[in-house]
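A.B. asks: Residues per chain are reported as follows:
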Amino acid sequence: MPELEVRNLSKRYGKTLAVDDLSFEVEAGRVTGFLGPNGSGKTTTMRALLGLLRPTRGQALVEGRRPTEMADPLRTIGAALEATAFHPGRNGRNHLRTLAAAARIPRSRVDEVLELVELTGAERRRVKGYSLGMRQRLALAAALLGEPRILILDEPANGLDPKGMRWLRDLLRAQAAEGRTVLVSSHLLSEVAQTADELVVIRDGSLVAQGSMAELTAKGGVRIRVRASQPDQLATALAEQGATVGDVGEGGFEVRGASGEQIGEEALRQGIAIYELAPQGSTLEESFFELMGEEEDEA
Amino acid sequence: MNLLQSEWIKLFTTRTTWAMLGIGLLCEGLFAGLFSGLVSLDGLTELEELETTEPVPTGTGLLMVLVLILGVLIITSEFRHGTSSSTFLATPKRWPDLLAKLGIALAVGVVAGLAFVLVNGGLSIPLFEGRGAELPATDRLVEIYAGVVVSFALLAAFGMGIGAIVRNQVGAMIAAIAFFFIVSALPELLPGSIGEYFPAQALGSLHGHVEGDGTLNQLEGGFVLAAWAAGLVALGTLLVCSRDVSE
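Chain order of the listed sequences is A and B. Using the working numbering, read the first sequence as starting at 1 and increasing by one per residue. Using the working numbering, read the second sequence as starting at 1 and increasing by one per residue.
Hints may be right or wrong, so weigh each one.
Said to hold, decoys possible - Per label pair, the in silico range of CB-to-CB distance:
1) B:Leu99 <-> A:Gly89: 35 to 43 Å
2) B:Gly231 <-> A:Ala174: 29 to 37 Å
3) B:Pro96 <-> A:Glu147: 20 to 28 Å
4) B:Ala178 <-> A:Glu115: 28 to 36 Å
5) A:Met1 <-> B:Pro187: 24 to 32 Å
6) A:Ser23 <-> B:Ser246: 36 to 44 Å
7) B:Leu118 <-> A:Arg54: 32 to 40 Å
8) B:Pro187 <-> A:Gly121: 26 to 34 Å
9) A:Glu115 <-> B:Val142: 47 to 55 Å
As the list claims (entries may be wrong) - Covered by chain A, according to a simulated footprint, are these stretches of chain B (three or more residues, beta-carbon under 8 Å):
10) 8-20
11) 72-82
12) 87-94
Claimed, not checked - Calculated Cβ distances over 10 Å to all of chain A for the following chain B residues:
13) Leu3
14) Gly61
15) Ile125
16) Met173
17) Leu190
18) Val245
Please keep in mind that the hints were generated in silico from the structure rather than gathered at the bench. Source: prediction; values computed, not measured. Backbone N, C-alpha and C fix where the C-beta goes; we use that ideal spot for every residue, glycine too.
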């Protein structure tokens, strides 16, 4: 049984279909990246999994059950939805205390998670004075409070500095390594590229692709620019092997669907000298947007 | 119990709550002191004969309004600041949390009511006695003050009900005040006794201010007001349980 299951989920707001017949599963012990441009329905899907909104059609299941039927919610799912969802006048520690009290979690755990997210020292300051990064950490602390089996994090990297991003990556990897389920959304592939084992890519509320990181980047196809001594001959040979080859011009040509190794070995077989092999663009990012069919999307 | 504790922490870890109760009590104290020290005793005696009011307790009504608003804030601040998501993650069925919020609204009303009684009684009674005014009998005073405490609790519950229905903080505050003090006072102008069953006049009965033919007594006024509060809280709970939480 998958830990999280979205089954033919649709959610309509007035005339807008925010999520359209979406289905995917999330397994334990791995980090699953939930990718899509802003407004593609990621947050709506996550809210349905958390029982905060009612699907128009279909189901969102947690450990095979409807989220409203969870016996011990904070020990089952921890969620960080928005880094702004705090009472600005309440301090960080008291925010966590309200949740701990509701779920019968000992107060000592509040101090533990504050230390874990490195907010010790700021916990008695009102949230009003927190930076975006600190709010993200507080949201994460709330998610981790009940040591839940499942973590659902909506754009947790927003507002984190590079050091914070690395810290978050390590934290998520450690959680997955302990056998927990981690679903983390982002509109930037580069944010989850180094963390996610699995990817679920959506666009306009529908599934675009699901698979392992390696599968999806290969499928999306990295473009490689090739300059060689006999470009026409090499281009033809690569095309015969099933790669997609662009027009041959003065600057060489572009290949998609073949790795650098494959191109180099083919050139060797043909006795062609390679002058240059250059992956185009920020490769992963590009392949992601090509998958989504929208290269010009804001990144 | 754990949810009550959670809601109690929520309410008393913001400055708003303390400021509202503090300012309300301060004003009530100032008013009680000035009124019982300076008001003309002749006028009071006359009023007493008409049996419409008595020397104590007299308040400004400010604390009462603030308690009503505090009831509204108990729930709307969750929607306003987006903490409703984490609250309802901890209680996915939602209604147990609303029940706890109701408990806290009633409790904070009782606390504010008792504080009012302490401040008002503590200042007015000795001041009036010192000036030789004739105070109501002790059991009458107890009745009146008990009515005040109960009314504060019901007002907070009333506000919480409106807050759950309206959700928008400013909208709910305006709705609560407008409905309680203006709209529900209008039927008083109608012929017959229909107005007695609206919150404004029921509150008057509960306070022991209105006594006479065809009006509700204190206990009946309390029941009418409690029925309004219960109805609003029940409707609000149903709505909160069925609506999407998207903030």
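A.B. asks: Does each hint fit the structure? Answer for all of them.
C.D. replies: Now for the hints, and whether the structure bears them out:
no.: 1; hint: B:Leu99 <-> A:Gly89: 35 to 43 Å; verdict: 25 Å, violated
no.: 2; hint: B:Gly231 <-> A:Ala174: 29 to 37 Å; verdict: 51 Å, violated
no.: 3; hint: B:Pro96 <-> A:Glu147: 20 to 28 Å; verdict: 22 Å, holds
no.: 4; hint: B:Ala178 <-> A:Glu115: 28 to 36 Å; verdict: 48 Å, violated
no.: 5; hint: A:Met1 <-> B:Pro187: 24 to 32 Å; verdict: 59 Å, violated
no.: 6; hint: A:Ser23 <-> B:Ser246: 36 to 44 Å; verdict: 22 Å, violated
no.: 7; hint: B:Leu118 <-> A:Arg54: 32 to 40 Å; verdict: 47 Å, violated
no.: 8; hint: B:Pro187 <-> A:Gly121: 26 to 34 Å; verdict: 58 Å, violated
no.: 9; hint: A:Glu115 <-> B:Val142: 47 to 55 Å; verdict: 53 Å, holds
no.: 10; hint: 8-20; verdict: holds (count 6)
no.: 11; hint: 72-82; verdict: holds (count 3)
no.: 12; hint: 87-94; verdict: holds (count 7)
no.: 13; hint: Leu3; verdict: 6 Å, violated
no.: 14; hint: Gly61; verdict: 26 Å, holds
no.: 15; hint: Ile125; verdict: 37 Å, holds
no.: 16; hint: Met173; verdict: 17 Å, holds
no.: 17; hint: Leu190; verdict: 40 Å, holds
no.: 18; hint: Val245; verdict: 4 Å, violated
Taken one by one, the earlier hints fail for this structure at numbers 1, 2, 4, 5, 6, 7, 8, 13 and 18, listed in ascending order.
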